[in-house]
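Chemist: Residue numbers (my numbering), protein chains in the order written: chain G, 1 to 306; chain S, 1001 to 1388; chain P, 2001 to 2376.
Any given hint could turn out to be false.
Unchecked claim - 27 Å max Cα-Cα, derived DSS-like pairs, lysine-lysine:
(1) K1137(S) with K1291(S)
(2) K1296(S) with K1281(S)
(3) K131(G) with K1335(S)
(4) K1066(S) with K1335(S)
(5) K1165(S) with K1245(S)
(6) K2195(P) with K1321(S)
(7) K1335(S) with K1361(S)
(8) K1006(S) with K1030(S)
(9) K1066(S) with K131(G)
(10) K1241(S) with K1291(S)
(11) K1030(S) with K2335(P)
(12) K131(G) with K1291(S)
(13) K1028(S) with K2195(P)
(14) K1368(S) with K1245(S)
(15) K1245(S) with K1291(S)
(16) K1028(S) with K1291(S)
(17) K1089(S) with K2335(P)
(18) K1241(S) with K1066(S)
(19) K2335(P) with K1137(S)
(20) K1089(S) with K131(G)
(21) K1190(S) with K1388(S)
(22) K1178(S) with K2195(P)
In short, the hints are calculated from the structure, not lab data.
Each chain, written out:
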Amino acid sequence: MDIGLLAQHVMNGLMVGMMYALVAVGFTLFFGVLDVIQFAHGDVLTVGAFTALVTFLGVRAAGVGSGPILLSAMVVVSIFAVAALGMLIARYLVLPLRTAPALNTLLITLMLGTVLRESVRLFYPQGANPKPFPALLPTNSINIGNFNLRLDNTIMLAAGVMVIIGVELLLNRTKLGLAIRAVAQDEETARTMGINFLAIVLVAFAIGSGLAAFAGIMNGFYYNEVNFGMGLYLGVIGFAAAIIGGLGSIYGAILGGFLFAALQTVGTVALPFGSAYKDVFAFAVIIIFMAWRPTGLIQEKISERV
Amino acid sequence: MTRALKAAMAILAVAWLAAVVPAEAKDKVKVGFIGPLTGGVSANGLGGRNSADLAVRLRNADPKAKYEYELVVLDDECKPNVAVQAATKMAAERDIVAAATHYCSSTAIATVDVYHRFGLPVVVWGAVLPDITYRNKYPEVHRVNGTMINQNDTNAELLTKLGYKTFAVIHDTTDYGKGHNEYFSAALAKRGGKIVGTFGVGSDQQDFTAELTQIKALNPEVIYFGGLTPIGVRIRAQMDKLGIKAVFDGTSGIVSDAYIQGLGALAEGTLAFREGAPTDKLPGGKFFMEKYAAQKYDNPPEAYGAFAYAAMDLILDSIEKVGPDRRRVIEDMAKVENRDSIIGKITFDDHGQNTVSLITKYVVQDGKWVVWEDSEYASGKRKLPRQK
Amino acid sequence: MLPGVVAQALATLYLITLLAVERQLLIIGLLGLAVIAVLGAYWLGWLDPVNRSFADREDVLGVLALVAACAVAAFFHDNHFLLLLIVTVVLYTVATLGLNIQFGYAGVLNFAGASFFGIGAYTSAVLNAHSAVPPLLVLLIGGLIAALVGSLLLLPVLRTRGHYAALVTIAFALLLKAFLEVNDVLGGPQGLQVKGMTIRGWAFNDNIELGNVELSFYMNYLVLSLALLAVAFILVRRLERSWIGLNLDALRLDETAASCFGLNIVRWKITAFTLGNFLIGIAGALFGMVGGFVAPNNYTFADSLILVSILLLGGVGSPWGSVVAAAIVIVVPEKLQTIQEYRFLLYAVMVIAVLLFRPEGLLPRPARNYFPGWRP
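Using the sequences and the hints given, assemble the complete structure.
Modeler: Structure, rendered in structure tokens:
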């Protein structure tokens, strides 16, 4: 196959993989800290994307026309708003249920996801229609043979990489990160050592949800469109990616995200009906993988009280 | 039991019976409307609903009308399964005498059997798939707008005349998109155009980079799109992202203000075709536009509003003539010949299909759908992509 | 037994009233009345004798429930739409009973309930269109195929627990919908039309005429659905009371302890999962024929969540709860047109409320009655 074509497929895969990785990191962070799967994460992403859209419309209506200001306003407002939402969810829906069977938490967050999704659909004007997302990044592109390298895609990819590295550094080089890792490893001992459990949980949820908002904005810029159902799909894939990579491991989550995107790209390129079957192929591989390695590539350390 | 208790129970029983036994039907006649009120093509559905509502209002305001009409509106979300549920609900309710149904072809073709099963006369106002009236000979199903055969013929004719030789086809996998693919391919083959690749996509697909990357490698001059506005917008936008330079050639499915709103400047130079004259040039066009504006609806009538109005008007005429009885309305509709309406004279053939022979060619110019002959592209002042 | 009979009679009358009334204000009033009446009965302690009579004389009360259903159907004998609604409630209850065996008794997570429902429906579509298999056999085959496809998931389901298991069935739900949509052989996004049943020349899709009275053709399907519900209900109750049910409960409550006692975990999980899918498949096959139309959009992950909501609302492991919950979840949005658009949102909020404040559901599963009717 033409090298330019291959490069284009790879670029597409990288963009999509970056978004999956960002969502997967959120899942893994929540699991590490509270042993809980927050199924509403994907729909939190949708809320983030729509918040950005609303911010854009609001700021522009207030008379501001400058691209960079609009962009920064969107990103900042959306990330902070969604981080706050994440903290609320943690405080009032997830923490109270820590003692209940894990199934209940799973079900509640699943239903919460539905609530968020339906709220966007019902309460945003004409929410059921896909909404155009502004194109605020420069759209210059270079054509190298069959490969079209666009500036906005490159910027987003670079931004995504920096965000991931930032989270990486936060978790491994700062005291806050040390506290988060301590709570993830052993909650009781961490509390004994003086770590404020509640604060750390809230911060972890804030970080994870902020990442989701960033992914949502990226998704909006990439497709120039947001719709109320975008989160469900991304959420399930992010969850699958986090599991493939091994729950509780940040590297695993990132790996899982790109792996899933690679699976989809391989499916598109290799299968005769290409993109139609890419989801079927990717999900089938996930199910087979779960049969082979039920706890993911980087094994979760489980101990159970009998 | 004390007498008070017995009396109370008697009163309760009577009240219960009164609530439960259906009340006497007043002289109010119910007619129905089904269209996509939510979802990607809701602009067309809402425009159609408003137009049908206008027809009912004008008729109710008419002192010569024998009955008072009530419009029952259901949403089919442009999804076949929702449409079947809505159609079943509407057809199963015996009070509803007739209905104007469906903009989306995928929904209209799925529901014909339901209307036939329950014997509800319907007039389709926006769906263009020929099979809707021609696959079976159901006396219940009629249509006032034209079918897609003619528009695809005109489409192929114009593009080959402009000198384009290589085409790629993207169509959605519902019966609507597949129909467009079939008729356009046939029309193009007759005129010597070459189709370098055909791609079927999902009607709510998000990511077209796979198909478009392959199309880029095939390098066609024109990309023909058989589908509706939501994915039309996405495909056109992603074409630009991948740096594909080709004419974006669509069908009546994208003739909608929502298409231009979704794309902004990228919509420039898109071609599309629709049966029937532009609304203001219809025989009753000015009348319709005036009355529509007077009602101050939230949404414009869009491309098929006039047809929805004509469909509902036809139904109301029939009911006025033979009374609110489904069977008699079906018999009357079989005899519709040269009936006056705002879209011209309506005649139903033996399959209930009205003939609309005029096809209007549209091109997007400066953020508006402009009739081709009036545009600067036809006169040569502007050029379409890769036009010689 | 009398309290149970009275409760059933009142419920039947209430249902008839609710279904017959059209005016929105009256409906809201009726719903409010029901909530107040039930809460009032609970506080006055009137619900305990009802519970006891259900526990003691379930067989008689079950038959009476069937009679009540027939009474409701007779009242609306020519109303197509209401009969269709009742058939929908009955078949969703059967599907929930299947889910109950998996979730409620064995603790096997299944978030793809609607997918198996859909497999049954597609089977009936294909078989009715392309072969001359007798319709009742089609139903059975629908169930078998659903169970068979479910067995593909057995290995991942057996090897995973908790959220990993959830992922397996969720991934399957998405996979099946995507597969049905891209696959043209099974109709693609346009779906397939399903022909109605004909048993020995009695066409199910034709209205029945008895003298001067015309009965809606949905009556045929209603009778068949009620028969199916009766069989499924009896099956589930007998299963629960039997040693199989005992094993499933042990398995659900503590897998490690159960295996220490020698229970074959693998065998019982397989049994529960397969049997549940079989029931769901049969219900789906019949529902496909009733609706006359199958499309991938009918069987999405969101619809699976609705089945799970019904199960949770009624009470996990409680068949009577499933009946009541299915009736609420399906009838109320249809009657209360104003909330129809908001119904998914309301289901989700309802389930969250139930999980936070009353996790056992509306009709919690009673403690196991080892010797029915025994009094100390």
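Chemist: Evaluate each hint against the coordinates.
Modeler: A quick look at each hint next to the structure:
Taken as a hint, the K1137(S) and K1291(S) pair is broken in the structure, with Cα atoms around 36 Å apart against an allowance of 27 Å. For the hint pairing K1296(S) with K1281(S), the CA-to-CA distance comes to about 21 Å; that is within 27 Å, so the pair holds. Note on K131(G) and K1335(S): the hinted pairing is violated, with a Cα-Cα distance of about 45 Å set against a maximum of 27 Å. The straight-line distance between the Cα atoms of K1066(S) and K1335(S) is roughly 21 Å, inside the 27 Å bound, and the hint therefore holds.
Using a Cα cut-off of 27 Å, the hinted pair K1165(S) and K1245(S) holds, with the two alpha carbons roughly 15 Å apart. Simply put, K2195(P) and K1321(S) have alpha-carbon atoms about 36 Å apart, too far for the 27 Å limit, and the pair is violated. The straight-line distance between the Cα atoms of K1335(S) and K1361(S) is roughly 32 Å, outside the 27 Å bound, and the hint therefore fails. A C-alpha spacing of about 41 Å is found between K1006(S) and K1030(S), which places the hinted pair above 27 Å, so the restraint is violated.
With a C-alpha separation of about 45 Å, the suggested pair K1066(S) and K131(G) falls outside the 27 Å cut-off, and the hint is violated. Pair hint K1241(S) plus K1291(S) does not hold up; C-alpha atoms about 43 Å apart against a cutoff of 27 Å. Between K1030(S) and K2335(P) the CA atoms are separated by roughly 19 Å; this keeps the pair inside 27 Å, and the hint holds. For the proposed pair K131(G) and K1291(S), the alpha carbon gap of about 31 Å is over 27 Å, so the pair is violated.
For the hint linking K1028(S) to K2195(P), the alpha-carbon distance of about 35 Å lies beyond 27 Å, and the restraint is violated. With a CA separation close to 21 Å, the supplied pair K1368(S) and K1245(S) stays within the 27 Å bound. At roughly 43 Å between alpha-carbon atoms, K1245(S) and K1291(S) are farther apart than 27 Å, so this suggested pair is violated. Among the hinted pairs, K1028(S) with K1291(S) is consistent with the structure: their alpha-carbon atoms are about 24 Å apart, no more than 27 Å.
A distance of roughly 12 Å separates the Cα atoms of K1089(S) and K2335(P); the hinted pair therefore holds under the 27 Å criterion. A distance of roughly 59 Å separates the Cα atoms of K1241(S) and K1066(S); the hinted pair therefore is violated under the 27 Å criterion. Restraint check for K2335(P) and K1137(S): the C-alpha separation of about 35 Å exceeds 27 Å, so the hint is violated. Proximity of K1089(S) to K131(G) is assessed by CA-CA distance (about 31 Å); at most 27 Å being required, the pair is judged violated.
A threshold of 27 Å between alpha carbons decides the hint, and for K1190(S) with K1388(S) the separation of about 22 Å falls inside it, so the pair holds. For the proposed pair K1178(S) and K2195(P), the alpha carbon gap of about 24 Å is at most 27 Å, so the pair holds.
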